[in-house]
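A.B. asks: Model the full structure from these sequences, guided by the hints.
Those protein sequences? They're chains A and B, same order as listed.
Mapping of the first sequence onto the UniProt record's numbering: residues 1 to 646, in sequence order.
Mapping of the second sequence onto the UniProt record's numbering: residues 1 to 646, in sequence order.
A hint or two may mislead.
Since the list gives no way to pick out one identical chain from another, each pair is judged satisfied if it fits inside one copy or across any two copies.
[Unchecked claim] List of simulated lysine to aspartate or glutamate pairs, EDC-like, C-alpha gap at most 16 Å:
| # | residue 1 | residue 2 |
| --- | --- | --- |
| 1 | K321 | E159 |
| 2 | K319 | D158 |
| 3 | K321 | D158 |
| 4 | K321 | D162 |
| 5 | K319 | E159 |
These aren't lab readings, by the way, just hints derived from the structure by calculation.
2 protein chains.
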Amino acid sequence: MEVVKKNFKETLPQVSASIEKADFLVIDAEFTGIINGRDVLVFDTPAEYYLRLLNGSTQFLLIQFGLCAFYYDEEKKMYMNDTYNFYLFPRGQPGPEKIFMCQSSSLDFLVAQGFDFNKLIRDGISYMTEPIETKLRDNIKERQKTYSKEKDPVNIPDEHKDFIEETCKNVRSFLDDNKSDEMEIDRCNSFVRLLIYQELKLRFKDEIIVETKILENKSRLLKVLRVKLDSDTKSHTTKRIEREWDEFEEAVGFSKVARMISQSEKLVVGHNMLLDVIHTLNHFFQPLTDDYKAFKEFTHCMFPRILDTKYMSSLPPFKEKVNSSVLPHLLQTLSEPPFALPNVGSYEGRGYSLTEAKLHEAGYDAYITGLCFLAMHSHLTRMRGEDTSRPDPNSAVLKPFLNKIFLAKTAHQDSPYMNFDGDDPSPSRDHVFHLTFPKEWMRNDINLLFSPYGPVMTQFVDDTHAWVALTRRDQARHVLRGLAASARVTVRPYHVQKGLKTSRSDDLEQLKRACNMTNVPRSRSQTVATNLPSPRVWSPPRTEKVSRVRANSISSPLQSPTKVTRKRTSSGVFQVDDSESPPPKKSELDQASEEALKKEKFVANGRRKASVTSGDETKEQKIIERFDSDSKINCVSAFKESDSWD
Amino acid sequence: MEVVKKNFKETLPQVSASIEKADFLVIDAEFTGIINGRDVLVFDTPAEYYLRLLNGSTQFLLIQFGLCAFYYDEEKKMYMNDTYNFYLFPRGQPGPEKIFMCQSSSLDFLVAQGFDFNKLIRDGISYMTEPIETKLRDNIKERQKTYSKEKDPVNIPDEHKDFIEETCKNVRSFLDDNKSDEMEIDRCNSFVRLLIYQELKLRFKDEIIVETKILENKSRLLKVLRVKLDSDTKSHTTKRIEREWDEFEEAVGFSKVARMISQSEKLVVGHNMLLDVIHTLNHFFQPLTDDYKAFKEFTHCMFPRILDTKYMSSLPPFKEKVNSSVLPHLLQTLSEPPFALPNVGSYEGRGYSLTEAKLHEAGYDAYITGLCFLAMHSHLTRMRGEDTSRPDPNSAVLKPFLNKIFLAKTAHQDSPYMNFDGDDPSPSRDHVFHLTFPKEWMRNDINLLFSPYGPVMTQFVDDTHAWVALTRRDQARHVLRGLAASARVTVRPYHVQKGLKTSRSDDLEQLKRACNMTNVPRSRSQTVATNLPSPRVWSPPRTEKVSRVRANSISSPLQSPTKVTRKRTSSGVFQVDDSESPPPKKSELDQASEEALKKEKFVANGRRKASVTSGDETKEQKIIERFDSDSKINCVSAFKESDSWD
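C.D. replies: Structure (structure tokens):
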């Protein structure tokens with residue numbers, strides 16, 4: 001069911017009922033862009049991953065929210081789905097308008113899927129964070145107290161005096177003629193409208209009511225209404241107050257649904273859902289900050305039970321059989337033996353069925369995510385010889401997957417998830433080194449440098465820095481000694497470079513240093529908020545080490561000048577790379593290492609870096625990368641779903 | 001005539017012909033937003049004005065470009081118009097995609113005027129700057145050299161071996177069966193597609209051609225084509241090369257039109273055209289830098305004859321008769337005595353007529369701007385007793401208006417234009433002072449402080465700083481002495497605060513200091529360029545004092561945390577304020593001064609600043625300002641065209 005501004009109020013009770021009766025909820029969102037600036041690196045920790053998304057993704061707008069409620073029909077003995085597609089657009093009155101970013105390729109992609117941007121902008125539902133809502137509420141109350149008070153008059157400049165006089169004369173005639181009950185005054189700019197308003201109130205006092213009429217094309221004119229009863233004026237003020245509160249409620253809009261979902265405490269399922277979660281919290285609850293620990297706690301508090309089907313499909317027994325966990329591919333795989341999709345029904349106009357494939361409509365993607373979840377759950381319970389029908393988030397069978405969100409970019413480096421109910425994995429990085437090398441060096445030079453220790457996998461950070469991972473981890477202890485003498489390079493162990501005391505430290509100050517963070521307040525989408533508690537009685541923990549920084553300007557020191565072409569994947573997040581290419585086996589790395597990792601600044605196909613001579617060419621090569629998706633180097637581990645390499 | 005991607009190539013010759021035969025051209029553009037961050041202050045110099053727009057406006061996208069060519073029909077003895085509405089959207093392949101900003105109120109406004117965003121995104125014409133075009137061209141040439149070379153193979157991981165084998169078997173059957181000439185392979189992610197491509201080429205060599213097919217919904221699959229003749233393979237490469245150059249030309253797109261306009265050297269007319277000019281240069285020519293002098297020179301070089309009808313209408317003999325110079329109001333005024341609109345014709349489907357009012361369609365706005373220009377020109381020549389028909393940019397009658405662009409925000413402080421062919425006005429500011437005052441002070445306190453010197457006009461910069469202008473300029477010399485003793489405030493003369501040696505200095509270093517600029521490279525819309533000369537043989541002047549900084553990140557140090565709700569005006573730029581409210585006369589300032597200038601952080605209607613006690617409330621009040629457009633303080637000099645104050 002499509003939900004827009006016009007039908008939002010009347011649909012709200014149905015949404016509430018759907019959430020109420022659901023066994024579990026599935027969410028999916030569409031955005032105006034994926035990532036701006038530098039993407040996640042394969043050796044980023046979960047905390048760094050979070051920060052990079054916070055800095056690079058949250059300036060984009062969430063424009064469609066899909067909510068699919070799966071509820072069990074006891075009679076039919078099957079699941080039914082109520083699915084809602086909400087079009088979301090932040091308006092300027094009375095809520096805060098938004099300045100947000102768009103990525104042209106994302107918009108292009110969405111339009112190709114049939115997304116209607118005109119409907120979005122015209123009919124999108126408003127929303128706001130809780131801090132903004134509170135402020136707005138207070139502000140309206142304050143303002144409404146002053147409605148009866150007199151305002152100081154503004155003097156009428158000479159050049160407008162004639163027009164004002166003429167207008168007053170016209171109003172006098174209008175009142176005396178007694179033919180109609182309203183007249184309009186147009187062709188004035190806003191200043192002149194103020195003067196007229198002021199003058200008419202002065203001269204005609206309670207004989208008239210003057211108000212602004214906003215036409216469909218947004219232009220304005222003044223409407224003068226005859227006051228027939230004394231109660232007209234009074235009720236005018238009352239009506240005005242009522243109208244303002246109605247507009248307020250409308251402006252809060254979709255945030256109510258987000259909070260309903262949260263307060264239900266039901267299992268919330270998604271596919272590759274990290275961005276969905278970040279955007280949901282940031283748009284409808286409270287702006288997120290650099291504090292990773294606080295982010296995890298806040299997420300867990302708002303959504304105490306979450307499950308990521310992309311993570312679920314990456315583990316046995318699904319991993320071996322799932323060739324590609326991109327959502328439509330996953331659905332296809334799970335519809336064939338040894339799996340089976342459940343039969344899920346819906347009432348007319350209330351939910352989806354598989355016959356109406358509408359990929360990348362958020363509601364539909366949520367629906368098929370739910371199908372995949374049920375299929376995988378059934379498979380597991382069947383293997384255990386249990387009843388397969390209804391997933392229970394408290395069950396043992398779901399326990400391994402609960403509250404873990406997939407980290408696509410780092411999954412193949414043993415960092416496959418963020419754990420919202422415990423510690424993140426912190427795999428050994430003893431075989432990983434940070435390398436500083438001369439500008440003219442290429443991948444081959446690095447391979448050569450490390451050749452005594454076996455094959456390596458290199459991820460370039462920039463012109464002169466890279467992460468290098470040994471395939472033969474046993475060789476790690478020889479590296480520092482062996483390369484210490486080199487005059488041309490500097491090699492540092494992973495934990496030293498990251499500023500970690502040990503490889504398992506979760507000292508947030510160190511994490512921030514590692515990300516080169518400064519305590520500069522930064523804003524996502526330019527809305528300002530204070531740290532007010534949410535309705536779920538959660539207060540962000542205050543620690544001395546970490547100061548909560550407030551969002552306030554779009555850029556961030558983290559963003560490097562690298563601009564890379566991004567494309568959407570059908571899972572709805574960003575480029576599918578590591579998660580699509582399996583981890584190379586040790587024996588294959590001899591050849592794979594040259595191509596294995598995307599050099600962050602990319603080199604044009606066949607164009608040797610040696611031909612690049614000046615410092616400016618970093619940027620030039622970045623321009624080139626934008627155009628050149630043929631570069632073979634991209635292919636293996638940084639594979640993009642819809643990239644053309646031929 | 002509407003021009004989109006599909007008909008752009010075929011329309012280009014017509015556009016060229018229109019430009020060729022035109023007496024003058026009129027331009028107008030629509031954007032995704034107006035200004036982000038702090039707006040221009042009333043005492044900003046033209047250089048500061050430029051910098052503020054550069055920092056606050058150029059991250060938005062120009063999405064529709066209207067070009068109206070007025071050409072004289074000798075037989076009919078009247079003007080005809082050829083008007084083009086170009087929908088513009090930067091695509092990712094092969095050109096650089098864009099990450100750009102949007103202001104929700106601007107989008108809202110445009111949709112209300114009937115703007116079709118789906119058409120924009122789906123069918124918008126691409127474009128790029130010259131530096132990008134050059135790089136792209138080089139890149140394509142480089143890449144095409146490698147098409148015949150072999151690429152190093154990627155090893156096939158175990159989990160894909162079965163699928164690859166099966167696929168190869170299918171292709172073998174396809175070739176042997178000889179039933180059809182092409183087969184498709186789908187349901188692979190991009191990595192698997194690479195493996196298949198590689199393997200097929202290895203095993204089947206010249207028997208087949210393998211290429212990627214992109215479906216309408218942007219998903220990809222592989223197509224295997226049977227090679228029937230030896231020439232098939234060769235022509236495949238040739239066709240590919242041809243296709244890439246076609247795509248390249250398509251990607252350069254609208255930039256060609258912009259350059260045609262420039263190279264014609266014809267008179268280019270606009271209405272309140274500063275933003276149009278800045279965006280045009282930035283999108284289609286070369287990214288602009290902080291160097292104001294270079295900007296003016298570059299503009300003058302690219303467009304040696306420009307005329308701003310808003311500026312023209314602000315001077316005698318129009319000034320007295322024009323109540324509002326907002327474009328549709330100006331048109332209305334010029335259609336009545338003593339003025340008259342010219343009769344301008346058009347051929348079917350080629351231009352506009354007044355019967356089809358389509359305000360805020362860029363082409364239509366350009367058309368009516370042209371009508372206004374002709375009407376004003378006729379009026380002038382009639383007054384001089386000359387022939388009224390055809391404007392000549394070299395004529396004396398147009399000389400006062402030529403190459404001056406209106407500065408709406410500072411016009412009432414005697415700084416009404418930027419002069420692209422000479423010095424900007426630099427009015428006396430001896431009566432203007434920079435005031436530092438205690439946080440709790442309100443406008444009244446400032447009025448009181450200055451009361452010995454007569455009424456003042458105050459523009460707040462932030463919580464503790466403001467510009468204060470004396471109405472009684474003769475009192476200026478007493479101010480410093482009189483207020484020097486005050487412990488609570490600091491008063492500095494204008495030129496001292498701005499760091500100017502004299503009030504007429506144009507030392508750019510000082511201007512930058514005045515703007516608190518740092519040499520941080522900054523990007524608009526995230527495209528990177530180098531300073532390559534344009535085709536009109538113009539090289540940016542290099543001075544030692546000013547280092548040319550390259551655009552590279554969206555934010556800027558200039559942006560303060562102030563967020564103000566912006567709305568569009570029908571002139572298509574930003575809020576109409578000073579230009580709509582006439583300069584207050586001396587006798588009126590007693591009352592007007594309290595309201596005269598918008599306090600930048602705004603105070604809610606009726607809510608006294610005294611109730612604000614903590615430092616955080618600056619931001620709170622900014623939030624409030626977003627909601628509270630009723631504040632009377634806004635009314636006089638900061639009047640917004642479509643603001644509601646009742």
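A.B. asks: So, for every hint listed, does it hold in this structure?
C.D. replies: Structure-based check of all given hints:
| no. | hint | result |
| --- | --- | --- |
| 1 | K321 with E159 | between (80 Å within a copy, 9 Å between copies) |
| 2 | K319 with D158 | between (80 Å within a copy, 13 Å between copies) |
| 3 | K321 with D158 | between (82 Å within a copy, 13 Å between copies) |
| 4 | K321 with D162 | between (83 Å within a copy, 12 Å between copies) |
| 5 | K319 with E159 | between (78 Å within a copy, 10 Å between copies) |
Violated hints are absent here; each numbered hint is respected by the structure.
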